[in-house]
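First to last, the sequence lines map onto chains C and B. Going letter by letter, the first sequence gives residues 0 to 337 in numbering that gives the first Met the number 0. Going letter by letter, the second sequence gives residues 0 to 287 in numbering that gives the first Met the number 0.
In short, the hints are calculated from the structure, not lab data. It should be emphasised that the depicted structure is a prediction, and the values quoted were computed from it without experimental measurement. There's no promise every hint is true.
Take a look, some chain B residues computed to stay more than 10 Å from chain C by CB distance [as the list claims (entries may be wrong)]:
no., residue
1, Ala2
2, Phe9
3, Pro66
4, Tyr88
5, Glu125
6, Arg128
7, Ala147
8, Val148
9, Arg164
10, Leu192
Here's a subset of chain B near chain C, in silico, CB distances under 7 Å, partners left out [to be verified]:
no., residue
11, Val35
12, Asp94
13, Gly101
14, Ala108
15, Met271
16, Ile276
In this text, a Cβ means the ideal position worked out from N, Cα and C, and glycines have one as well.
What follows is each chain in one-letter form.
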Amino acid sequence: MRADEGTFVAPRADDATAGLPTGRWSRFEIAFWLIPVACFFLLPGYLVMGSQILITALFALSLDLILGYAGIVSLGHAAFFGIGAYTAGLLARHGWGEPVSGLVAAAAVAALVGWATSFLIVRGKDLTRLMVTLGIGLLFFEAANSASTITGGVDGLTGVAMWKLLGLFSFDLDGKAAYVYSLAVLFLGFVAVRLLVNSPFGLSLRAIRENASRMPALGVSVRARLVAVYTIGAALAGIAGALLAQTTQFVGLDSLGFQRSAELVVMLVLGGAGRMYGAALGTAIFMIVQDWLSGLNPVYWQFWIGLLLVAIVLFARGGMLGMIDRVVARLFHRGAGP
Amino acid sequence: MIANFVGVLFDGVAYGSLLFLISIGLSVTLGLMNFVNLAHGAFAMLGGYVCVMLMSRWGVPFLATLPIAFVVTAAVGAVLERTLYRRLYKASHLDQVLFSIGLTFMAIAGATWLWGASQQPVRLPEMLRGQVELLGLQLGAYRLFLVAVVVAITVALAFMIERTRFGAQVRSAVDDADVANGVGINVNLVFSLMFALGSGLAGLGGALGIDVLGLDPTFPLKYMVYFLLVVAVGGAGTIRGPLVAALVLGIFDVAGKYYVPQVGAFIIYTLMVVLLIAFPAGLYGRRT
Chain C
0 MRADEGTFVA PRADDATAGL PTGRWSRFEI AFWLIPVACF FLLPGYLVMG
50 SQILITALFA LSLDLILGYA GIVSLGHAAF FGIGAYTAGL LARHGWGEPV
100 SGLVAAAAVA ALVGWATSFL IVRGKDLTRL MVTLGIGLLF FEAANSASTI
150 TGGVDGLTGV AMWKLLGLFS FDLDGKAAYV YSLAVLFLGF VAVRLLVNSP
200 FGLSLRAIRE NASRMPALGV SVRARLVAVY TIGAALAGIA GALLAQTTQF
250 VGLDSLGFQR SAELVVMLVL GGAGRMYGAA LGTAIFMIVQ DWLSGLNPVY
300 WQFWIGLLLV AIVLFARGGM LGMIDRVVAR LFHRGAGP
Chain B
0 MIANFVGVLF DGVAYGSLLF LISIGLSVTL GLMNFVNLAH GAFAMLGGYV
50 CVMLMSRWGV PFLATLPIAF VVTAAVGAVL ERTLYRRLYK ASHLDQVLFS
100 IGLTFMAIAG ATWLWGASQQ PVRLPEMLRG QVELLGLQLG AYRLFLVAVV
150 VAITVALAFM IERTRFGAQV RSAVDDADVA NGVGINVNLV FSLMFALGSG
200 LAGLGGALGI DVLGLDPTFP LKYMVYFLLV VAVGGAGTIR GPLVAALVLG
250 IFDVAGKYYV PQVGAFIIYT LMVVLLIAFP AGLYGRRT
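Kindly produce the complete structure, drawing on both the sequences and the hints.
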């Protein structure tokens, strides 16, 4: 309505209609994607670190899908990351070093395991879910640890020989191919997740998160949706794991560990869960600060990250992006006022 | 062979009773306040360090350090409950998990900074070392002591919960905090007291457990799964549930590590997933 334009008030972050998707790319999103591209040209010395961030951002995005959108609190998401990493690593070690098909294989295996375990996870409430995800994560860690003849155990999986990417670019020490490869895969993953969360399916996930008991009344099978999103999240995590295995040509046992799952949740919450870009932002900030602080002293790092978590929960719900939202909303209110 | 089996069984019971002693406080926070407190192991670690410090710095005898460990951790628990935990009773489980993981990380870093990353030794008094012959079986004296302490505490706890006026207030607060508040019970005070009691028992368990579980800064993370497991499998807000779960867990873990060491922690995690799937609300779950 034209008459309303003058009194336009920016929607609040918790307004139900504010989250309705339009599917259009905003200026901020385009600018956001130019940052990693610019980094490639401006910071050639940090490409190895950069690929690590990109890979972890994809991993965080996969958790965002199940935690941020569907509301499943998982403390064992690294299981799928590790499964993807070992799948790609083992394929390459045993003679099939083609990267892209390795990714596809890793995604397939992780999705299969995710699908199989999702039936355990959709049962029960928050605490049971938390414990089951934790338990499954620990089970896979122990399995990889015990099967040291296959996985290399504590020493890690070495001898991952990758072929040239698309038959053209080899993964060498300067890390250029690895960076571009990781960025491309992250972008594709992002576009896929973006389509997914803006679809009616994505909206139904958010509705389940907000009120799981109401959804069956609207004719939505909560169980089927959660199984589907958990499987997709597992596949994405598997791709991220495979990326790490292929670009570093090594798979460590820690790729399955609890520490990785817990840190991932921290990164996601730091950036802001349920917001897609929160995953990327939180990962980047977390890893850059970690790199800088743990250079000083790894113990202090753990202390600060703990303090940060406590502070986020007590004072900054919604993470970085949530805070930015609040600041923007306040500015808007002031600007639109009489 | 049989004697051997009984010995393993006994070790499992001793281990399980220790797990129970530490986890009972977690069961309280979960059952009473519906709070997922992943930092519970930090209280046990604090009790352990209090015990070690008192013994090595001031030469306090081991048995005398135990009540002090209880009091100190209970006091710290009470302060934290009043200042921090209380704000999050109504928060989502995700927020509670993040908050308590944050506390755990801080506790680990703090302990490393204060006492170093190495394992802390404990010198047990003469009378608790070695073996004791009981009914023709050789049993570790310390483990026997452990079981005796836990049995005594469990009986006292059960008496308190089932027979005293305070216990009745606790039970009604577990069943429905709002209604309990409405009939004039000071639920906030009940929460604080129970949180302090739970923390204190964890601290006592940590001090008692140095010889069995070890003590280093990673303690809260290393045993977090076990404590959570005891509560999740046993069902929160009861005494019997966590007791049974802790004993089952202790026996399976010790027996598994003794008879099939190559499978390692596999047994315990499989058991955990299977039990959680079979009993989503715990073995003796009160909440539906």
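Q | Index of numbered hints that the structure contradicts, given in increasing order | A | none
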